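Top line first, the protein sequences correspond to chains H and B. Numbering (the working numbering) for the first sequence: 1 to 503. Numbering (the working numbering) for the second sequence: 504 to 830.
No wet-lab data here; the hints were simulated from the structure. None of these values were measured; they are calculated from a predicted model. Even for Gly, the Cβ is constructed at its ideal location relative to N, Cα and C. Treat the hints loosely; a few may be bogus.
[Unchecked claim] Quick list of in silico lysine-lysine cross-link-like pairs, DSS-like style, CA-CA up to 27 Å:
| hint | chain 1 | residue 1 | chain 2 | residue 2 |
| --- | --- | --- | --- | --- |
| 1 | H | Lys56 | B | Lys824 |
| 2 | B | Lys719 | H | Lys375 |
| 3 | B | Lys824 | H | Lys380 |
| 4 | H | Lys334 | B | Lys719 |
[What the hints assert, rightly or not] Here chain B is said to cover these stretches of chain H; the calculated rule only asks that three of the stretch's residues, wherever they fall, bring their Cβ under 8 Å from a Cβ of chain B:
| hint | region |
| --- | --- |
| 5 | 252-264 |
| 6 | 358-364 |
| 7 | 372-383 |
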Amino acid sequence: MGDVILTMKGIDKSFPGVHALDHVDLEVRRGEVHALMGENGAGKSTLMKVLTGIYKKDSGTITYEGREVEFQNTREAQDAGVVIVHQELNMVGDLTVAQNIFIGREPKKGIRIDDKKMIEDSKALFDELHIDINPREKMNELTVGKQQMCEIAKAISHHAKLIIFDEPSAALTEKEIADLFNIIRDLRKKNLGIVYISHRMDEIKVITDRVTVMRDGCYVGTLVTKDCTKEDIINMMVGRVIYEEPKTHSMVPKDAPVVLKVENLNAGRMVQDVSFELRKGEILGFSGLMGAGRTETARAIFGADPKQSGKISIMGKDGQLHEVTINSPQDAVKAGIGYLSEDRKRYGIVVEKSITENSTLASMEDFCNGPFINKVKEKKAAEKYIKELATKTPSADQLVVNLSGGNQQKVVIAKWLVRNSDILIFDEPTRGIDVGAKNEIYKLMNKLVSEGKSIIMISSEMTEILRMSDRIVIMCEGRKTGELMIEEATQERIMDKATRNID
Amino acid sequence: MTKKKSKLLGDQRFIVLLVIIALITVYVIFSKEFRKYSSILSMLDFSYYDILMAIGVTFPLITAGVDLSIGTGMVCYALIGGTLVRNYNCPVAVAMLVCILLGCGIGLLNGVLIGIMGLPPFLATLCTCMITRGIGSRCSATPWPTLKQPGGWFHSIFKLTFGSGRGAFKFPIGIILMIILVLVMEFVLNHTRFGRYTIAIGSNKEATILSGINVKFYHVMDYVICGLFAGLAAIAYAAVTPTVQPGTGAGLELDAIGGVFVGGVAATGGYGSIIGTFAGVFVIVLLKTGLPYIGLQANWQQIITGFVLIGAVLIDIIKRKRAVAKQ
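Chain B on its own, in the form it takes in the complex (with noise of 0.2 Å):
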C-alpha cells in the first residue's frame, strides 16, 4: 500500500516534471534565443518571487483557504522598502526587514481574519489584497522606488557576477536559495508538528479540534508563513524589477496559486508538497516567460496556463474519484 500512496501522490509530480522537459525541449528547438545563456539567466531572474509567494501560499492552500493578497501585498511591501531607501537613507538590510516583518503583519491580519473570526479565506484576503494596494499606493513618495542602490551588494543576492565588462560570468545564485528554501519548507511540511497540523486542518478540520489540537493557532501561523513569503518575495521582485510600480501586483499572486495547484495540492486542501509546488510554479514561469520566445504573444500564456491548470486539476479529482472507486 505504501508503494501504491507513494506512487498515486508522485504522479502529479512527474507528469509536471514532464510537462517542464517538454516545455524545455520546444523552446530549445524552436529558438535560438531562448538557448542562450543570458535567456535561462533573465527567466531565472523573473522566477523567483513567483516562486517565493508559491512557497509560502501552498499552506493557506493545504488548509483548504487561499490567499490572495500575496501578489499586492508583495508590491506594496517593496514599494516601501523601495521608498524607505530613496527618501529615508535607510540600510538596504533594515529595508528587506522591514519587507519581511510587513508580509508577516499581513500574514497575521489574514490569519486572525479567517482562523479565529471566521471569515472565509477568499473574503478575507480579497480584503487585504485592496488594503495592501491602496497602501502601497499611498506610501510611495519617491517615484523610483528600489531597494537597488548603485553599486550596492543588493545586485548580488540572487545574481553573483565574476569579472567585470562583457566578459563578465554571471551565476544565479538565486535558483540555488530557493531550492535551499524549498527543501526547508518540504521539510517543515512534512517532519515538524506544524506542517502536520497544517495538512490535518486541511484534511479534515473538525477532527483535528476535536483531538485537542488549538486549530486556530496553526490555522493563522499558515497565513503568517505565507505573508513571511510574500515578504520574501517582495525583496526578489525589487531585485528584478528597475522599479517598483505603485497599484501593480494584482493578479501576481494567481501566478503564483497556479503554480502550486498545478504542482498537486489537492484542490479540496489536505495535500500537497512543497517540491510539487516548485515545479508546478515552473511550468508557470516556463510559460510566462517562453512562450514569447516561439513567438507567442504574452496572451497566450495566459490562455495556455489556464488550460494547463483546468488539466492539473482534473488530474487531482479523477485520481481522487478513483481511489474511491477503489472502496
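One chain only, chain H, in its complex shape (with noise of 0.2 Å):
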C-alpha cells in the first residue's frame, strides 16, 4: 500500500427527513482495494455521490492528491482521474465499444471522428487490461460481464487514479467475476486507489485490502480484511441481530392443494422450458443470478410478456386445477394473480398519486356504481389496508412518491390485498427498501401464506431465499436448473445450481 491518495472527514449530508451521512470517515491508499460495506440504505452510494460531485456535502472536508477538493459535478472529478464504474451500466447499446469508451471526446482528424485511432486506442487499451474484447463490436451483443469490462477500460482511459467499483460483481458469472478480479489486481499493481463496494462477503475476503463499514449513515470502523472475519464484519455492519434464522423446515402440509401449475411455460430466450407447481399456503423462492431469467418468467405468467408456449393453471373455486389463457395481465389479475414488480416507480406504483389511487387501482369495479366512483368506500379500504400493514402515512390522501420505499412496497401490496388476490408473485421484495422495513415486508409476507395466500418470491439474496422459502426454485439463463426443499437448501446448494449452466 501506497500513500494515502484520498481522504473524506466528517462528511455530513442531509436530505428533508433523513440524515443520510453522519460525520462518515473514509480513508483510502495508493495500491489498495478498500471495501465499502453496509446494508441497503447504509449510505455508501450517497457517500461516492459526495465524493464525485453529485450531491454537495453539508459539511467535512475532502483531501484528494493532498489538496482539499470539492468537484461540483462527475465531469470535475473524472478529470481530476476519480472514476466511478456504476452497477447500472451507463453504455449506448447501439455504438460500438470503441465509440463508447471514446463517447465525447472522439479523436478528430480534420473534422472527421478518426476511427482508425479510436479503434486502435480501444485495442491498447484492453491489452493493457488483458482484456478480449473487440472493439468494432456493437455494445448491445457483449455480454454483461464483458459491458463491464469496456466500462472499467473507459474509466482508465480517463487516466484514473481512484476508481470506484458500484457493486460489479451483481450480474456477472463466476468467471466473469475471476476475470474482474484479475483486472482489479492490475489496476492495484500499478498503483490506483480503488473503492469496492459489494454485499457479497467472500469476495471482499478475496480481493480487498482494508473495509470500511457504514450503518443508518454512520461510520463504523475500518479494518484490515486478512486480519478479520467475515463475522466481525457483519457484526459491524448490523450491529444488531437483523437476520433471523434461516427457515429450517416448512410448515406447508405435503398434501397442500396445488394453487398454480405451470408446465412448459417458453417464452423467449430468458424462458425455456419452465415448469414448477405452488402449493397454498406456501412462499416459492426462485433464486439464481440477475439474468438468470426469474423476472421474466413471472412476467410471462402474469401476461405482461408474450409467450410462445406453455400451460398454466389455477385452482378454481371448486378446489380443482383448471388450465387459463393469460394473454394480458388484465387475464392474470382476473385469474387471481398479483404481480409486485422489483422496479416499483415503474411498474408498480402511480407515484404521483395518492395512496388510495393506488389502493384501488386494480378493483375500481368494486368502488364503482356504474361508472361513477364511490370516493368514500375507497377511502375507506384505502384506510383498512394501512391500519393493516401499518404503512407510514399521515393521511390515506398522501402522495405515494411522498412514502419510503418500505411503505411504497406495502400500498403496492395493499392493492392486491383489495383485488384478493390469492397468488402473489413477489419481485424482489425488499430492494430499495432498509433494513427495519424489511423485517416488516418479511412479516407481513408470512402472515399473507398463513392466511391461505400463496406467494412466488423472487429474490436475488440468498439470506431472504434461506429465511422466507418453504421450497425453493433455482433458475440459470432461462431455465430451470433445480428445486430445493427448504430443510435441504444450503447456499452452497443453491449457488451450485444456480451457476450449473455456465461453462
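Take the two lone chains and join them into the complex the hints point to.
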C-alpha cells in the first residue's frame, strides 16, 4: 500500500427527513482495494455521490492527492481522475465498444472522427488490461460481464487514479468475476486507489485490503481485511441481530393443494421450458443470478410479456386446477394473480397519485356504481389496509411519491389485497427498502401465507431466500436448474445449481 | 399534506385567473370598443369552438399524448355537415349529429392507431390531420357550406335573441352550455373510472397495465372523447363563421392545445383539470380576440401567446423540480 490518495473526513449530508450521512470518514491509499460495506441504505452510494459531485455535502472535508477538493460534477471528478464504475452500465447499446469508450472525446482528423485511431487506442487499452474484446463490436452484443469490462476500460482511459466499483459483481458469472478480479489486481499493481462496494462477503475477503463499514449513515469502523473474520464484518454492519435464522423446515403440509401449475413455459430466450407448482400457503423462492430469467418467467406468467408456449393452470373455486389463458395482465388479475415488480416506481405504483388511488387501482369495479367512483368507500378500503399493513403515512390522501420504499411496497401489497388476489408474485420484495422495513415486509409475507395466500418470491439475496422460502426453484440462463425443499437447501447447493449452465 | 397538494395544484389555475383578470383590466382601460356588450358577445362567440376542442384534447394530453387532428377535423366535419344542409336539404339536427359522429369516428381511428397499433400520438394525429383536411376539401360540393339556414333555430343555439331589430337583446347562452360541459367533464375526469384510468395512464402507463386494467380500451376512448368534442366544436365553428372555408382549420388545434397547457395540464401527462383547461383556453381567446382592441395586430397575439405558453409550462416544470427536491 502506498500513500493516502483520498481522505474524506466528517462528511455530513441531510435530505429532508433523512440524515443520510452522519460525519462519515473514509481513507483510501494508492495501491489498495478498499471495501465499502453496509446494508442497503447504509449510505455507501450517497458517500460516493458526494465524492464525485453528484450531491453537495453539508459539511466535512475531502482531501484528494493532498489538496482539499469539492468537485461540482462528475465531469470535474473525472478530469481529476476519480471515476465510478456503476452497477447499472452507462453504455449506448447501438454504438460500438470503441465509440462508447471515447464518447464525448472522440479523436479527430480534421472535422472527421478518426475511427481508426479510436479502435487502435481501444485495442491498446484492452491489451493493457488483458481484456479480450473486439472494439468494433456493438455494445449490446456483448454479455453483461464484457460490458462491465468496457466500462472499466473507459474509466482507465480517463487516466483514473481512483476508481470506485459500485457492486460490480452483481450481474456477473463466477468466471466473469474471476476476470474482474484479475483486472482489479492489475490496477492495484499500477498503484491506483480502488473503492469496492459490494454485499458479497466472500469477495471482500478475496480481493480487498481494508474494509470500511457503514451503518445507517454512520461510520462504524475500518479493518484490515486479512486480520478480521466474516463475522466481525457482519457484526459491524448490522450492529444488532437482524437476520433471523434461516427457515429450517416448511410449515406447509406436503399434501397442500396446488394453486398454480406452470408447465413447459417458453417465452423468448430468457424463459425456456420452465415448469413448477405452487402450493397453497407456500412461499416459493426463485433463486438465481441476475439475468437467470426469473423476472421474465414471472412476467410471462402474468401476461406482461408474450409467451410462445406453455400451460398455466390455476385452482378454481371448486378446488380443482383449471387451465387458464393469460394473454394480458388483465387476464392474470382476473385469474387471481398479483404481481409486485422489482422496479416499483416504474411498474408498481403511480407515484404522483395518492395512496387511495393506488390501493384501488386494480379493483375499481368494486368501488364504482356504474361508471362513477364511490370515493368514500374507496378511501375506507385504503385506510383499512394502511392500518392492517401499518403503512406509515399521515393520511390516505398522501401522494405515494412522498413515502419511503418500504411503505411504497406496502401500498403495492395493499393494491393486491384490495383486489383479493390469491397468488402474489413478489419480485425482489425488499429491494431499496431499509433494514427495519425489510423485517416488516417479511412479517407481512408470512402473515399473508398463513391466511391462505400463496407467494412466489423472486430474490437475489441468498439470506432472503433461505429465510423466507418453503421451497426454492433455482434458475440459470432461462432454464430451471433445480428445486430444493428448504430443509435441504444450503447456500452452496443453491449457488451450485444457479451456475449450472455456465461453463 | 392534502392542503399542500391542493395548494400546489391550485397554483396554476389561480395564476391563470389573475392573468385573465389582468388582461380584461388592460383591455377595459385602454379600449372603449372593448367595453361594449357587443364586443363581449362576439368574443364569446369565437371562444366556443376553442373551448370545446380544448376540453376534448385535455384527455389525450393527460395521457401524455396529443391530438393534432382536431383543428382540421373540426373544419372537415363542419364542411361535410354544411354541405349536407346546403346541397341535400338535410335537416340541421341530422347534420349536427353527423358532425359529432364523424368526430367520434376520426377519434376512434386516432385511438386505434395510438392505443392499439402503438403509433406515436404526434405522428398518428399528424396523419389524420392531413387526412381530414383533404377529406374536408373534397367533400365541399357547394361554395357556401354552412349549418345556418335563414330564419332557422340554429342561430340561437349559442345566442338567445330577445326582441327584434336594433333594440334586440342578445344573451350568450353558449357560455352557460360551456360551463355545464366543463363541469360535467370535470366530474368525468375526477369521479369516473374512465377519468381515473386516463390519469393513471398518463402518470404511469406500465403500472396501470400491470394492475390488470384494459389500458388499450381506455386509451382509445380518450381519443374518441377528444374526437367527440372536435365534432361539437364543428357545430360551434359553423355557428360563428359565415361559411366554412375548405382547406382551413390547420393551426386552430394549437390554440386549444396551448390553452390546455396554460390551464395547467402537466406537460408530461398525468395531471390536469377541465376547469383549468377552461381558464387556460380563455386566456388564449382573450389574447386572440382582445389584442386588436388595444391596437396590436394579430401577429402579436401569436408572439405573446407563445411566451405565455412557455411561462405556463415552465411553471409546471419548476413545480415538479421543487417537488422532487423536497424528496
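Starting from lysine 56/H, check that the Cα of lysine 824/B is at most 27 Å away, please.
17 Å, holds
Coverage criterion applied to the region 372-383 of chain H (partner chain B; beta-carbon cut 8 Å; 3 residues)
holds (count 3)
Has the region 358-364 of chain H got at least three residues whose CB is nearer than 8 Å to a CB belonging to chain B?
holds (count 3)
Pairwise hint evaluation, lysine 375/H against lysine 719/B, where the allowed Cα distance is 27 Å at most
25 Å, holds
Are the Cα atoms of lysine 824/B and lysine 380/H separated by 27 Å or less?
32 Å, violated
Three or more residues of the region 252-264 of chain H near chain B by CB distance under 8 Å?
Violated: only 0 residues of the region 252-264 of chain H have a Cβ under 8 Å from chain B.
Do the alpha carbons of lysine 334/H and lysine 719/B lie within 27 Å of each other, as the hint requires?
This hinted pair holds, its Cα atoms lying about 17 Å apart.
The earlier numbered hints that this structure contradicts are 3 and 5.
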